[in-house]
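Generate coordinates for the entire structure from the input sequences, incorporating the hints supplied.
So the protein sequences, as listed, match chains Y and E.
For the first sequence, position 111 matches number 111 in my numbering, and the numbering has no gaps at all.
For the second sequence, position 9 matches number 9 in my numbering, and the numbering has no gaps at all.
These are computed hints drawn from the structure, not numbers from a lab.
Any given hint could be a false lead.
Pairs count within a copy or across copies, as identical chains cannot be separated in the list.
[What the hints assert, rightly or not] Below, computed lysine-lysine pairings styled on BS3-like, alpha-carbon distance capped at 27 Å:
{"#": "1", "residue 1": "K217", "residue 2": "K3"}
{"#": "2", "residue 1": "K115", "residue 2": "K224"}
{"#": "3", "residue 1": "K153", "residue 2": "K164"}
{"#": "4", "residue 1": "K217", "residue 2": "K2"}
Model, not experiment: these values are computed from the prediction.
So the chains spell out like this:
Protein chains: 2
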Amino acid sequence: MKKGTLHLIPNWLVEYATETLPTYIVDVIQHVHIFYVEEIRSARRLLKKLIPDIQIDNLTFYMLNEHENDSLKLAASIWQRGNDIAFISEIGCPGVADPGQELVALAHSLGVPVKPYSGPNSIILALMASGMNGQHFQFWGYLPNKQPALSEKINLLEKESLQKNCTQIFIEAPYRNDQLLQQLCKICNSETRLCIAANISSPHEIIISQSIREWRKNELSFHKIPAVFVLQA
Amino acid sequence: MKKGTLHLIPNWLVEYATETLPTYIVDVIQHVHIFYVEEIRSARRLLKKLIPDIQIDNLTFYMLNEHENDSLKLAASIWQRGNDIAFISEIGCPGVADPGQELVALAHSLGVPVKPYSGPNSIILALMASGMNGQHFQFWGYLPNKQPALSEKINLLEKESLQKNCTQIFIEAPYRNDQLLQQLCKICNSETRLCIAANISSPHEIIISQSIREWRKNELSFHKIPAVFVLQA
Numbered sequence: 001m002k003k004g005t006l007h008l009i010p011n012w013l014v015e016y017a018t019e020t021l022p023t024y025i026v027d028v029i030q031h032v033h034i035f036y037v038e039e040i041r042s043a044r045r046l047l048k049k050l051i052p053d054i055q056i057d058n059l060t061f062y063m064l065n066e067h068e069n070d071s072l073k074l075a076a077s078i079w080q081r082g083n084d085i086a087f088i089s090e091i092g093c094p095g096v097a098d099p100g101q102e103l104v105a106l107a108h109s110l111g112v113p114v115k116p117y118s119g120p121n122s123i124i125l126a127l128m129a130s131g132m133n134g135q136h137f138q139f140w141g142y143l144p145n146k147q148p149a150l151s152e153k154i155n156l157l158e159k160e161s162l163q164k165n166c167t168q169i170f171i172e173a174p175y176r177n178d179q180l181l182q183q184l185c186k187i188c189n190s191e192t193r194l195c196i197a198a199n200i201s202s203p204h205e206i207i208i209s210q211s212i213r214e215w216r217k218n219e220l221s222f223h224k225i226p227a228v229f230v231l232q233a
Numbered sequence: 001m002k003k004g005t006l007h008l009i010p011n012w013l014v015e016y017a018t019e020t021l022p023t024y025i026v027d028v029i030q031h032v033h034i035f036y037v038e039e040i041r042s043a044r045r046l047l048k049k050l051i052p053d054i055q056i057d058n059l060t061f062y063m064l065n066e067h068e069n070d071s072l073k074l075a076a077s078i079w080q081r082g083n084d085i086a087f088i089s090e091i092g093c094p095g096v097a098d099p100g101q102e103l104v105a106l107a108h109s110l111g112v113p114v115k116p117y118s119g120p121n122s123i124i125l126a127l128m129a130s131g132m133n134g135q136h137f138q139f140w141g142y143l144p145n146k147q148p149a150l151s152e153k154i155n156l157l158e159k160e161s162l163q164k165n166c167t168q169i170f171i172e173a174p175y176r177n178d179q180l181l182q183q184l185c186k187i188c189n190s191e192t193r194l195c196i197a198a199n200i201s202s203p204h205e206i207i208i209s210q211s212i213r214e215w216r217k218n219e220l221s222f223h224k225i226p227a228v229f230v231l232q233a
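The following block contains the structure:
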């Protein structure tokens, strides 16, 4: 029997922003009945907004818990029976700064076709808008939140960026954004460039790309605002 | 006078694949009259396909040549007069493994708002579909095409991936894909995982993610097929 497929469906960065999603996602969703999701409520909201007359009760949802083997075993048997699975992230692209990796790796190990769909990704949007090197870049996820590990990491990022002309991208828990910005202003060279892209793809989007010297002059706050940091020395 | 805005518009990865693009791109295009483009024909094809009754002759197109200061000077004066500019990449997202960086940097230096729009990006699609670490990754652009530089770089990538749990992403000119694959099979450890995502988002998409040991067994060819390489040791 032909095996099922794994479809990787991106979600909006800001709730109900369907205008940021490509139309081919709707076609997939209309043909899949089994959904693996990071968070059930956000996945249901996406489906209902994209297809207002969708019969949600006819669909099956499984929470992806990568620490429990059961949800992965179940996925294997769904594919073996020839059924497709669509994985929906809570925000943005599955598997990029987000869960999904083990489900995808399992699919490959079983010879299940994996089909990624394009969609909003805050890392790429921040990089595009930064004006920094897009030929060589590195995403670090969260930086350490304790000292001296944070200072050491910032020093390393800046040094690597300078030596390799590599743009450095990282994130922080939104309630610690201002502390991270303070540390960057304290540690980095005046000429190093820092872009902060906050509330990306929302009506409140703020994107500022300037030197550390300029960041030191203005006292901007990104407290509790989702933001991506992009740095080039 | 209020300054204009710089809109960063992604293009399809495969010609005429409008289903991979988000709908809000159409709204921007309808309100902008001045386009900076990487390649005029591909930009016109995108506009005509998205808005079939668009009056192309009423629009102004400038080739972005970042080595000539003239096109950047002109952009500055367009924004100063309060007009918007939309930059359209030839393929994928502006500024990511693509030109656009200097135009964006200029916008920031003049206080011109920069607005990035989401769209297909082969690096992120390949990473999503690889099943490899999406919390820490690095994009290297093109690897060196001469020896011993290529072997040295492959060794470095593999070592860094192992030491830092960092997924390594890179590309090659399509006519050299098979040579690169051969070198990877020759140099890397049997357990290292390699994903090749070729013809991404086209009906001929091929995504294979397996160990170097498995790559060595099957003689697959990606000759002249656009592909992204994703590696995790």
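Given a CA cutoff of 27 Å, do K115 and K224 count as a within-copy pair, a between-copy pair, both, or neither? between (34 Å within a copy, 22 Å between copies)
With 27 Å as the alpha-carbon cut-off, assign the pair K153 and K164 to within, between, both or neither. Classified as both; 16 Å inside a copy, 13 Å across copies.
Could you place K217 and K3 in one of the four classes (within, between, both, neither) given a Cα distance threshold of 27 Å? Only across copies: K217 and K3 sit 23 Å apart there, 59 Å inside one copy, limit 27 Å.
Which holds for K217 with K2 at a C-alpha limit of 27 Å: within a copy, between copies, both or neither? between (62 Å within a copy, 24 Å between copies)
The structure meets every hint from the earlier list without exception.
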